[in-house]
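Enquirer: Listed here are the chains, written in short residue letters.
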Amino acid sequence: MMGEMYLLPFFLPLVGALLLLFSRLVSEHSRVRTALRFTALVTTYGISAFFSATAILSESAGGFIGAYHPGIAIRWEVTPLLSSVYLLAVLLSFISELYAKKEMKSKPDIAAVIHIQLAFIGFTLISRDLFNLFVTLEVLGITSYILIASGEKYRASLASISYLLMSSLAMAFFLLGIFGIYRQTGSLDLVAIREYYLSNPATYSTTLSITSIAVALLMRTAIFPVHTWLPEAHASAPHHVSALLSGLLIKIPLFPLALIVTLTPASVLLASVLLYAGALSAILAVVSAFSQKDMKRLLAFHSVSQMGYVVASFGAFLIRGDTELLYIAALLHLTFHALFKATLFLTVGRVIDLTGSKDVYTVRNGARILLDASRSNIFVIIAFFLSALSIAATPATNAFISKQLITDALKEYPLVSWTLVATGAFTVASFIKLSRVFFGDKSVPLPSVRPERKGIDAMILSILFLLASSVAEHFSLSLPILSSFHPYDASHLTKTFITIAVGGSLYALVRLKHVRAFMHVIGNLSASLTTMLLSIPLFIASLAILLHTVSGLL
Amino acid sequence: MTSRLLLLILFFISLHALIFNPSLMKKIFALNILNSAIVLLFITQGASLGSRAPFTTESPDQMVDPVVQALMLTAIVIGVCVTSFSLALVVHLHSRYGSFDYRHIRKELANDG
Amino acid sequence: MLIALASFALLSRDLLSGIIALGAFSLFSAVIFLLSHAPDVAITEAAVGAGLTTIIFVWAIRHTGRDDR
Amino acid sequence: MRKWSVPAQIAISFVLLLLFLPLFLSQESWPTTARDILAEDAGTQTGAENIVSAIYLGYRAFDTLGETIVLLIALSGTMSVVSLLKRNSEDERTPVSLDFSLEEEKRAHHRLRTHLLEVVTGKIGPIILLFGFYVVMNGHLSPGGGFQGGAIIASGIIFFVLGNPHRREESEIQRTTLHLIESSAFLLFLLAALVPLFITGEVLANPFESKEVYIIALNTFIGLKVGAGISLMCISMIERRNV
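Residue numbers (this note's numbering), protein chains in the order written: chain A, 1 to 554; chain B, 1001 to 1113; chain C, 2001 to 2069; chain D, 3001 to 3243.
It is possible that some hints are incorrect.
[What the hints assert, rightly or not] DSS-like cross-link-like pairs, simulated, lysine-lysine; straight-line CA separation at most 27 Å:
1) K358(A) to K495(A)
2) K102(A) to K358(A)
3) K433(A) to K293(A)
4) K3123(D) to K1107(B)
5) K101(A) to K3086(D)
6) K3086(D) to K107(A)
7) K433(A) to K513(A)
8) K102(A) to K153(A)
9) K293(A) to K1107(B)
10) K358(A) to K101(A)
11) K107(A) to K153(A)
12) K3086(D) to K105(A)
13) K293(A) to K105(A)
14) K1107(B) to K101(A)
15) K411(A) to K513(A)
16) K101(A) to K153(A)
17) K3086(D) to K102(A)
18) K153(A) to K105(A)
19) K1107(B) to K358(A)
20) K358(A) to K433(A)
21) K358(A) to K513(A)
22) K411(A) to K495(A)
23) K107(A) to K411(A)
24) K358(A) to K153(A)
25) K411(A) to K358(A)
26) K3086(D) to K153(A)
For the record, the hints were derived by calculation from the structure and aren't laboratory data.
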């Protein structure tokens, strides 16, 4: 590939979205509409997947959009790694759109929003310009507000507007951060800004600006204490949207975050905040997840918790700057999480649709109900259990490898490492709790279920997921950097079995009355909108003061 | 100096309302003002460079900074887009619960199940 | 002046007057942009901030009533 | 739910204000590098005398692409919620008037006012439309451009609609036309962004010999798209339900 052909895969989804917008003009059942839709799918997912796959195999590239003067124009950079993340994004968007095929057909606008979102995920990954990042993040924000509210439920509308307000507030601070940095450096280009701060000292204003931007990005990744929007938003959205948002969208801001954190020599301190905030959010969110009654809220809290792993390992990588292993571990876990979390949301979504209830304590016989609806749902059940085993990090699943890698690589930070192991135990416990939904229980009457014809799609999707996960697993084990890493030696296995045993006993504890009461309290905790909004400026200000004093002492 | 101080106060008045006012409508008002405050900050500061509007025909060293102006065009438009969508959502919620107060809406939602 | 308008918009119980104050706020900031040698931004703010936003707000309160409950 | 007392609220805001004070009040002088570069090359590189347009549609046209897409999806999101509202109000059979012009039975009482409104808006509409196009086409020379002109075009179209309240049956056609204009303008904009890729190897670069052509073209596409989009949203807002 040559020149800016690298940018092509990121523009193609826009073409797809455009075709969908044109398809609004013809009536719903006409052939033209089907043809347009099909072409849009091929353009967005087929061709751009092909191009980004070729980009993975070629060299990194970069430049300025439009080849204008470096001082003002927008810088971009494509690396094989970013291309592979983009490929993952293509896959997940495709699956999410397939899952809601019927809805997408009647509402081309919403489908177009998904395509646009995909394009801007790509732009966010490749952009190396501060203000351009602001624009792409705003696009991603608006697409997610629309997608959350697309379920047309009042609960989703409230969740969407809470997220909207919180994120707009964060973006206002992002803009203020741009102001602070532009005033000092006179540039928006991240490379130029980094060069500027190598020779000029960072002041309190600089720190404040950088933390403003970083917190806006952390809010999108849903890290404690600015994660409060996520559970309600992801729980009330339609299933395919939850899968897309939880699986994909919350990971994207991490990549610009890495650029922001290394912007000045002093701001690398932020990375240690990432490390501890990640660990804290992993453990706190998993305890909340364990206490939930609503299945989708449970999964949503797990997203926060698993992102904690990724962010902690990312933070450690940025502190040390030289240990590739940490970076690879974070990326692997990110990829695996994207795959299994999307599967979990979609499979649990099926159960919720069929039983009409989200209550993890009362829904039972899930497997039976699914099979009654359609025989091919056996794959759905298999996909669920494999994903559940995976998130619980049992041996022979993909997340087992990435979690062992992360806890190993974080050995220098024993506190963090042990917190993550404890998180693992809680994860096991809460997935035993969720899996109960699928098992039989004679005391609960079986609802009568109409047989459905959606089964084939579900089968295809599940097989796709299983394939993707095993490919990802094999790929990860073949990486040269992991050649000295042996996940299946005695110490790792012992640790895993102890974790699982502790998790099982934690689940057994649920039967105690006091524990139940405690869980009830935690499960019902939810942040008020005021607390949500207040957390952003408070977090920015306290971080800025902390970083400024610490860097003054050093 | 004074203008910046005033903008700071404006920024924090709207921030205060955005955070503490329970009415969703007022929160949207506040968001609007918050954005305007930042845009004003950029533009007035960018204008401290000179005394001429950014056109090529005029003497360059008297010109104000054109970059911030271009950026703010984008920022204003994005702000309006967010406002319009959030208003639609608020109206949607109001049509069901007859209130702008998010505490009230949340309570009613919990009752709806 | 801006602060007064903003505070009025945020404090008033009657949403319609709040919206008018917000529109005036926008218009006033457009004037400031003009004085700061930013004619492009001024036009945008006047067209979008004072015009479009006000229209959308008025549409919203037609549905919901003027009272800020 | 916990409530914050008023003094606590003010105290928190004030502390935050003090912490952010340095960012607002820093004494450093504003950087001039970007301005000096631009004053030098903007005209020759992009062919626009209005340097803001040169940045907006030349150097940072990619931001503008993002901006138009934000507008596109925000408007379509708003419209979908609006149509939801209409559907709901039909379900509940509550008579909600979503119309700026008056109901038939009320028209008699307010004949003069209604008539005045319709005549004035109907006549002013074309003039405003013309002015909008002027602003769009001159965006590279004078203040204004695609977005501002588009907003003016939109108000012209809305005036047209207000001026012709009787022809409701045409509304569906209008709407389809506007959708068509919006989508086509987006298509043209996207083409303008991508075609240079195959000619010069760059996205959003000027493929023409003459510099102004490209910026005028971009301005026109944005103007059309913005005009159609905004008027579409406003029309769907002011229309009587169930049109």
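Enquirer: Hint numbers the structure violates, sorted upward?
Expert: Hints 1, 4, 13, 14, 15, 23, 25 are the ones this structure does not satisfy, whereas the remaining hints hold.
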